[in-house]
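Participant: Chain A is fixed; fit chain B onto it per the hints.
If you want the building blocks of each chain, they are given just below.
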Amino acid sequence: MNLKNNYEFFTHLLKINLKSLTSLRGAFLLQATFMIINNLVFFTMWWVFFKKFKSIKGWEITDLCALYGVVAFVFGVSVIFFGGVRSLAKMIDGGDLDVYLTQPKNTLFYASSSQSHASGWGDVVSGIILLWFSGYLTFGSLPLMLTVLFCSFVVFVCIGILFNSLAFWMGPMDSLARQFYDFVVTFSIYPQVIFSQFLKMILFTVIPGGFIGHLPVSLLREFSWSNLGFLVVGSAGFFILSVVVFNRGLKKYESGNRFIGVGTN
Amino acid sequence: MGKYLSFSIIAIKHGYKNKGETIARFAFYGIILLVFSSLWNAVGSEKIGLKPRDMIWYLAMTEWIVLSYPLIHTAIQEDIRTGNVAYLLTRPIPYIWVKFFEGMGTLLLRMLILAFAGFGFAYFITGGLPTNPLGLLLYFPVGIFASMVVTLYQSIIGLFSFWLQDATPIYWIFSKCNFILGGMMLPLDIYPEWLQKIAMLTPFSSFLYLPVKACLELDASLLLEALIKLTVWAVIGLIAMQLIYLRGVKKLNVNGG
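Going down the list, the protein sequences come from chains A and B. Mapping of the first sequence onto our numbering: position 32 corresponds to residue 32, and the numbering continues sequentially without gaps. To convert, count from 1 in the second sequence and add 265; that's our numbering.
Calculated from the structure, these hints are not laboratory results. Hints are supplied without guarantee of correctness; some may be wrong.
Keeping only pairs whose Cα atoms sit at most 27 Å apart, straight-line, the calculated BS3-like set for lysine-lysine is [said to hold, decoys possible]:
1) K90(A) <-> K282(B)
2) K278(B) <-> K90(A)
3) K462(B) <-> K54(A)
4) K51(A) <-> K316(B)
5) K462(B) <-> K52(A)
6) K316(B) <-> K57(A)
7) K57(A) <-> K312(B)
8) K462(B) <-> K51(A)
9) K268(B) <-> K282(B)
10) K200(A) <-> K316(B)
11) K51(A) <-> K312(B)
12) K316(B) <-> K52(A)
13) K54(A) <-> K316(B)
In isolation and in its complexed conformation, chain A is listed as follows (with noise of 0.2 Å):
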C-alpha cells in the first residue's frame, strides 16, 4: 500500500472519529474546556513555586510553561490522532485485533488511529496557551517549534506503542500499560536538571520523558546541532523499535475469534 493511499486513509478516518465526538456537542465540549482548565489549574503550582524561588538551575517560569506546554500539545495531538494506542493492551489481550487484521490495512496503523479523544483537544488549546505565554512560540522559531514538537510527538506514541505491546507476551496489562504512560508523562514535565546522571540516563532510556518535553524545550532555549541530531535520531529509534516490536508480537496473538461477530448485531 502506498503513502498516498495511507494518508487519504488516514484523513477519512480522522473525518469519522471526528464526526464521532461531535455528535454528542455537549459532552465533546465539556472534556475539552474542563481539559484547558484542569491544565492550567495545574501550572498555577508552578506559578506559586516561582513566586519563592526564582529559578530551578537556570529554569524560570517562561522554560516551565514551555515544557508544559509541548507536553500538552503533544499528548493532545496523540490522542486526538492515534487514541487508540492507549488501549492497544487492551484490544491484544481481549483479542479484538481480529477486525484491524481482516482489513487491507497496516493493522498497527488502523488500531492506533481507531480512537479519538475529545479531551485532547483541550490539551491541544492549553499547550499552545501555554506556548504562547513562555514567548518561545515566535514566527521565526516556527520551524524549529514544529520540528521539536513533531519528534516529541513520535517518541510519545511510539512508547505507548511499546508498553502495550507487552502485552502479546504478558496477557493481561492493560492497566499497568497505562501506569507506564502516566510514568512517562510524570517524568516529561519537570525539569530535568533537578535530577542525578544515572535518573537523567533512564530518561532517555526506560522511561524516555527526556525525549518528550526536556530535549525538545533545551532546544528552544539554546538551539545546538547536536541536541537536534540527537532527538531526530531518537525519535526515529523509538518508531523503528516499536514498529519492529508490535509485528513481532503479532506473531504471538491469539485470535478472540471477533470477526464472527462483526455486522451480527
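Facilitator: Quick look at chain B alone, frame taken from chain A:
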C-alpha cells in the same frame, strides 16, 4: 450495617487479587517522592521555612491519601453508561451506599499497603524520620478519616453521571483543586495570602494540608481545627450525596420512560 460491610470486604478481596495495579501504585509513590526530593535538593526548602526532610515527609503524607482513594466515579458512570444501574437499583439497599462501601473497602486496603510504601520510600530518601516522629503515628487514623471524606466526595462526583454520562471532567477539576487548594505538593504556607484564604474556605485544605501540617508539627489546636472541619465537610457531603442521588434516580426514571 453488616450488609454494607460485606460489600467492603468483597472489595478488599477483589483489590487483593489485583496485584499489578498495587505494584504500579507502589512504584508511582516512589517516583513522585524521588522527583520532588530532587526538586527540593535543587532549590532548598529552607527558603520556605521547612527542613528538606520534613518537606519529603509532608509530600509522603499527602500522597498517601491521594494515591489511596478509589475512583468511584468511573464505576458509577460505567454502571450508568452500560445500563447496569437499572438492575442494581432494584436491590433492597441504596445503590450509592453500595458503591460508597465498596470504595471504603478498596480505600482501606490501599491505605494499608501504601502506608508501608510511603514510610519506606520517605525514610530511604530522607535517611531518617521527620522532626516529630510521633506525628506519624497520629497521622495514621487522621489520614484514614480524611481519605474517607475524600472518598465520599468521589461518590458525589460519580452521581453527576446521571446527567452528564461522563463525570470524568468534573473529576479532573476536583483532583486539581486537591492538588492546588489542598496543598498536595506545596504547603499552603508558601502561597500568596489571598490564595491561602480561598484555600482555607474550601474542603480541599481540610483533606490534605490541615491534617498533615497538624500531625507533622504536633499542633493540638491545628489538629482540632482539622478534625472539626473534616467532620463538617463530611456531614455536608453526606447530605449532598443523598440529595443528588435521589434527584439522579428520578432523572433516570424519566429517561427510562
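Participant: Does each hint fit the structure? Answer for all of them.
Facilitator: Status of the hints after comparison with the structure:
1. The hinted pair formed by K90(A) and K282(B) meets the criterion: a straight-line CA distance of about 19 Å does not exceed 27 Å.
2. For the hint linking K278(B) to K90(A), the alpha-carbon distance of about 23 Å falls within 27 Å, and the restraint holds.
3. For the suggested pair K462(B) and K54(A), the alpha carbons sit about 24 Å apart, so the restraint of at most 27 Å is met.
4. Under the criterion of a C-alpha separation no larger than 27 Å, the hint pairing K51(A) with K316(B) is consistent with the structure, at around 19 Å.
5. Pair hint K462(B) plus K52(A) holds up; C-alpha atoms about 18 Å apart against a cutoff of 27 Å.
6. In summary, the hint linking K316(B) to K57(A) is supported, as the alpha carbons are separated by about 20 Å, within the 27 Å threshold.
7. A hinted pair counts as satisfied when its Cα atoms are at most 27 Å apart, and K57(A) with K312(B) qualifies at roughly 15 Å.
8. Restraint check for K462(B) and K51(A): satisfied, since their Cα atoms lie roughly 17 Å apart, inside the 27 Å limit.
9. Taking the CA atoms of K268(B) and K282(B), the gap is about 22 Å. The hint holds against a cut of 27 Å.
10. For the proposed pair K200(A) and K316(B), the alpha carbon gap of about 26 Å is at most 27 Å, so the pair holds.
11. The suggested pairing of K51(A) with K312(B) holds, with an alpha-carbon distance near 12 Å, which does not exceed 27 Å.
12. Taking the CA atoms of K316(B) and K52(A), the gap is near 16 Å; set against the 27 Å cutoff, the hint holds.
13. With a CA separation close to 19 Å, the supplied pair K54(A) and K316(B) stays within the 27 Å bound.
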